[in-house]
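Enquirer: Here is how the chains run, residue by residue.
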Amino acid sequence: MEFKYIALIACVILGIVLLFFEYRRKNRNNLYGRLAATVVLVFCLALLIFPVQYEVKGVSNSHSINLLTAGTPKDEVLAAGIQSYTTDPGLYQASKKTRVKYIADLIYYLADHPEIMHINIYGYGLSAEEVRQLNKYTFSFHPPKEPAGIVSASWNNKLKSTEFLQVQGTFKNQTNKTVKIYLEGFGTRLDSLTVPGGNNISFSFRDQPKQTGLAIYRLVAIAGNDTIAKEPVPFEVKAEIPGAILMLSSAPDFEFKFLKDWLFDHQYPLMLRSRISKDKFSTDFLNTPVVKLERISTEQLQKTALLIIDEDEFTALSMGEKEAVDRASARGMGLLIRASSGDQKKLQEFSIHTENVPSFKEQEVVPELTNNAYRFSALPAGQTSFIQPASDYKMLVQTKAGKGLVSGRINGAGMLLYSVIPTTYNWVLDGKKSDYTIFWSTIIAAGIRKTTERFSYETQTSFPVISEKLTLNLEVADSKKMPQVSINQNRWSPSQHPQFNSLWQVSGWSGRAGWNTLAVNGNQSAFYVYANSDWSSARYIQRLNFNSKLINNQNGRASSSEAPNFVKEDLSLWWFYAGFLLSAAFLWYESKNQEQNG
Amino acid sequence: MDRQEGRNRIENLRLKWQMLVFAERLCISLLFALPLSAVIMHFIGFGNWVLLPLVVLSFISCSLFKPFWKISTYDVARSLNISHPELEESAGLLLQETNQLNTLQLFQQQKVADTLSGIKVQILSGNTIIRLSAYLVTAILLFIGIPHLKSGSPAVLSGSVSHSAEGVARGQGLPPQLNRIQVQIVPPAYTGVPSRKQNQLSIKAENGAILRWEMQTSIPVKNFKFIFNDKEKINLQSENGEGKSWTLSRKMVKPGFYQIEMDGKKSDLYQIELVADRPVVIQITQPKPHTTIDFGEARRVNMKVSLDDDYGIQNAYISATLASGKGEGVSFTEKKLVFNTSFNAQKSMKLQKELDLNALGMKPGDELYFFVAATDNYGQASRSDVYFVSIADTTELMSLAGMTSGVNLVPEYFRSQRQIIMDTEKLLSEQSKITVQQFKTRSNDLGTDQKLLRMRYGKFLGEESETEIGGGHDHDEEGHDHEEGHSHGKEPEKAAAFGDVQAIMDSYAHKHDIAEDATFFEPEVKSRLKAVLTEMWSSELKLRTYQPQEALPFAYKALRLLKDLQQKSRAFVAKTTVKVSQLKEEKRFSGELDKIGQPVMEQKKVKTDQRDEVLKKGLSYLDTYKTASKIDAGATANLWEMEKYLVISAVDHPDTYLPALRAIRELRSGTSVKKPLIDRIQKGVRKMLEQEVTVPQAGSDLPSSDLYQQYFNQLKKDLR
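These protein sequence lines map, in sequence, to chains X and U. Take 1 as the starting number for the first sequence in full-length UniProt numbering and just add one per residue. Take 1 as the starting number for the second sequence in full-length UniProt numbering and just add one per residue.
Just so you know, not all the hints are guaranteed correct.
To be verified - Lysine to aspartate or glutamate pairs mimicking EDC-like chemistry, simulated, CA-CA at most 16 Å apart:
#1 X/Lys403 <-> X/Asp430
#2 U/Lys716 <-> X/Asp326
#3 U/Lys231 <-> U/Asp652
#4 X/Lys450 <-> U/Glu592
#5 U/Lys687 <-> X/Asp207
#6 U/Lys607 <-> X/Asp265
#7 U/Lys254 <-> U/Glu239
#8 X/Lys280 <-> U/Asp277
Calculated from the structure, these hints are not laboratory results.
Sequences and hints are given; from them, build the entire structure.
Expert: Laid out in structure tokens, this is it:
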């Protein structure tokens, strides 16, 4: 039998016995008072053994914990007077006088307190790593007001030489002061913007970095003389020369000659074969070794990054050669066909349609890039054929009126480009060198074979911070054996993705803010680890969003913060003790009094 | 008051006095100790602890000088006697024991005690309070003020006041031995700028100026060198062999930088910026670049020129070339025309000259090319653009050459304008032989002809003529079935097509084309035609008002414009006489070519100049060095390589690149505050690298592209 019942029965027996004796006493004075006192006495005794519990509506109970994280408004929780905990030493220091308690290790603490099943999160929230370990708990989230400043930013952190760095993001100005944001690098202000008070502004800064290698620009926000934010923008510029370009021409012409000279000036490896008579070619090998080029072989095409060919020469290729070109193109080689005749028969193989507009013969053509609407200077008259739009073709260059000039489509891993512009060297002759450069840079970059990296990496979070666990996702070319990964000359052990054998993951603590070197199978690279103070606004926003999402996703096991939370509380035992004492005292005093009187 | 009370009072005063002296000593000692400790703490670098011992020490020494504890009641009594004559020099009596005094003394004692009780003794006067508080305030002010003085300023330490200009020079990181510097800049004589002196070592001077440095060192220096542009070293000899006074004179024709080396210790780098002399700026405000003088206009051109130079204009003239003749018979004559003013090395001038074309020997059809050339007092020549003046050739206009052949788009009305001119000239020549009435009639007739001609041209522009003269047949030719009289519905044969609604509506509607669009001319031709019509109008006006002489210029101009118009709209095809034999298609590409070789060209582009690569890498190395404690050997080598290029740039543009060069030197000397230095270097290096054009770059593919390729191949296979 449970102790509860034994005690209960004992109390009942005690009560009956006491009542009996009181009732049987000879002196009948104060009978009812004594009986009542006895009942109260026993009742209080029983309630001392079994305290009275009642349910209250409350936030805190023994099964949940209030966890304060960075960004908790000071007055919010503390004013409510609820017991709170924090794992953030900084926050603990700041609110030492209040009732906040410090937990060094949340996981350890929770393991020690198995009754806690629910966590009330205040502030910006927990990091992804912490949340991952707390998957058996339910959460409720009390987010503060969103932080101000640079709340988001991104940039292309791996550039190739002459490419532009583009830093974009949002600035939230909650003050009524005007804030100036600027991009600073190499001791120079490169680009700037003013944000009026109380505005949210998206910014986009652009600069052509001049270094080769690693560099850190800074994104600075100043209001008056106060620097609000000074965030690092690390990036890397690599100098790379793309693969070889092969040009096949049906006759020596100026267009190919100018293109050849221009590419040669920029140190591109290229080969130019011009047909000068029947089966006779004039060949140029620039920055490449001499090879036989009478027939186009598959091996040759494998080494080629881009093949530029005119339509006549393409028709003159043998069936075998055409097959080889098609196969190479599907495997990643770029193919640019120059056709200005508008002869539909020659184009059958490419399922491209052109329209001939003879009336254009006398008119100048003004090409325009479709992606950024850059307008070139006019090209001389003579253009009669235009590309018709097709569903699988993407227009790259068109006239002002929208008539297609250069178009392209994906062919396997490669890109097939098609140009109907007869000549572009006129730009060079007219001194419009920049037009020529932009035109061919765009076309060649769109078509040329992509370089395959030995490995690539990605940090798990967009702003890895020194105080948080670092996780790198790696993609490695050689998937047969485990990659050798070392960070800052220390070996790290990767784990493989369960489905994809080329994906690996390493995690740990980098221990160094700033540039960290990463070597995978001996190939060097570098990634940046931020200091705790860097990009705080942007990181808090990310954390806020992550935590809000987490709360929304905990369906099934969720108890949300809005649902009333009933807590059982004990009525203080002192009440019963007092009752017990009073009634006992009355009984004692009464009997003493009666004796004296008696 | 009895004796005891008086004695107590004196005792009391003694205590007060002691305390006052104590306070005074304390104030004085603070006045010494506080500023001294401030100086020691700030300039010598001792900690705050120095304050306490200093205060104690000075207090003790002050007190020893005037020991407050030794003040006795007798002193108080003496002082009371001095300050209060009513005590009758007897305050001391109060301090003596009564039993040792005689009767008189007792009486006096009693009297003094009474007097003393009646006087009010004031130890702490207002003056004392002011004095003490002045001590205290001065001490505290000095204590607070001293740390705000410039650290390391020798003026404060030595107490001497140095020359303010020298103070500026010291700010530039000058060797401490130098105590007097003066740089004299003597600009070249032609500039007319007086010589000047300065105390700074960074120099901005006129090109060709002579610089003279005068320097004095505080201690004898054995070796005193000037290093120009990091390579040219000049050893200086001291003036009197003492090694203290040094001078150097040098004519500067190239900008750059220099530094001073004293006994192997090198100074900072100082820039020499040279302001080059600008050539004369010539602006011709009149005439226009192309001027045509028509028949009847005055053959003279008024020229207005403004000249500007930074130091003075020495000379200016007009160089005129006359081209006369036609085709192969063109002859050129060159003439130099001078302005009729003197050039007294003025900085800015406005000149005027009238070119008399007749005096130059210009005939109709000739062209005059001229430009203004000027030299400044440095001897630099400059010249303006070439301007053209031509005189319209009327005889050329009258010729029919060029009209008889070729495609003629414009109808043959030119002859009429020519005819009108010829007739007008004939009329003028016959004026003396005929009567006034005849003259007027003929002039009026010519005016009518001119009008007809004008209206015919007007038709090309879609203008409607007010009469039918010359217009009617054209309308018919164009099939325009509507006449000016608005004869709507008067032509039954035209309305024969009964039921043709369109035709009926046409006959009632006043259907004109839009005048501007009715013709088949281009806008440019139209505007020219309009100009012709304007000239014709004027010509007609003069003819009608019997002023044929005045009409001629307008008539000529109209003719010239018409001729231009005709030349414009003509296509010219050269004659060819080559006859090509017919190609035999079957024989094409059938020749034997096996003995014909194929040209093969091989070229390699190797960049010999490593400058850009070194600078680009250097930028990145520097960036890493900002946070890293040291950099590897390769990067260091790169940085020193970079310094070489910086020197080259700094020689040409010291004002732009010298800060960077200074910074890199400072960085090399090893300093803890790297970041601002590196920023400065990077700023300079970034400027040295030019903006690059975007060259095509290949995109990047993910490493596991093999997987995707397999997937693609599989898809393709499935599709087949």
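Enquirer: Hey, X/Lys403 versus X/Asp430, does the alpha-carbon distance stay inside 16 Å?
Expert: violated, 24 Å
Enquirer: Would you mind confirming whether the straight-line C-alpha gap from U/Lys254 to U/Glu239 stays at or under 16 Å?
Expert: Not OK: U/Lys254 and U/Glu239 at ~27 Å, beyond 16 Å, violated.
Enquirer: Below or equal to 16 Å on CA atoms is what counts here, so check X/Lys450 against U/Glu592.
Expert: violated, 43 Å
Enquirer: Is the straight-line distance between the alpha-carbon of U/Lys687 and that of X/Asp207 16 Å or less?
Expert: Given pair U/Lys687, X/Asp207 holds - Cα atoms ~14 Å apart, limit 16 Å.
Enquirer: For a C-alpha distance cap of 16 Å, please report whether U/Lys716 and X/Asp326 respect it.
Expert: holds, 13 Å
Enquirer: Run the distance test for X/Lys280 versus U/Asp277: straight-line Cα separation, threshold 16 Å.
Expert: Roughly 61 Å separates the two Cα atoms, so the pair is violated.
Enquirer: Taking 16 Å as the top limit, are the C-alpha atoms of U/Lys231 and U/Asp652 close enough?
Expert: Measuring from Cα to Cα gives roughly 14 Å; hence the hint holds.
Enquirer: Please verify whether U/Lys607 and X/Asp265 have alpha carbons no more than 16 Å apart.
Expert: Holds - the C-alpha atoms of X/Asp265 and U/Lys607 are around 10 Å apart, at most 16 Å.
Consistency note: the structure conflicts with the earlier hints numbered 1, 4, 7, 8.
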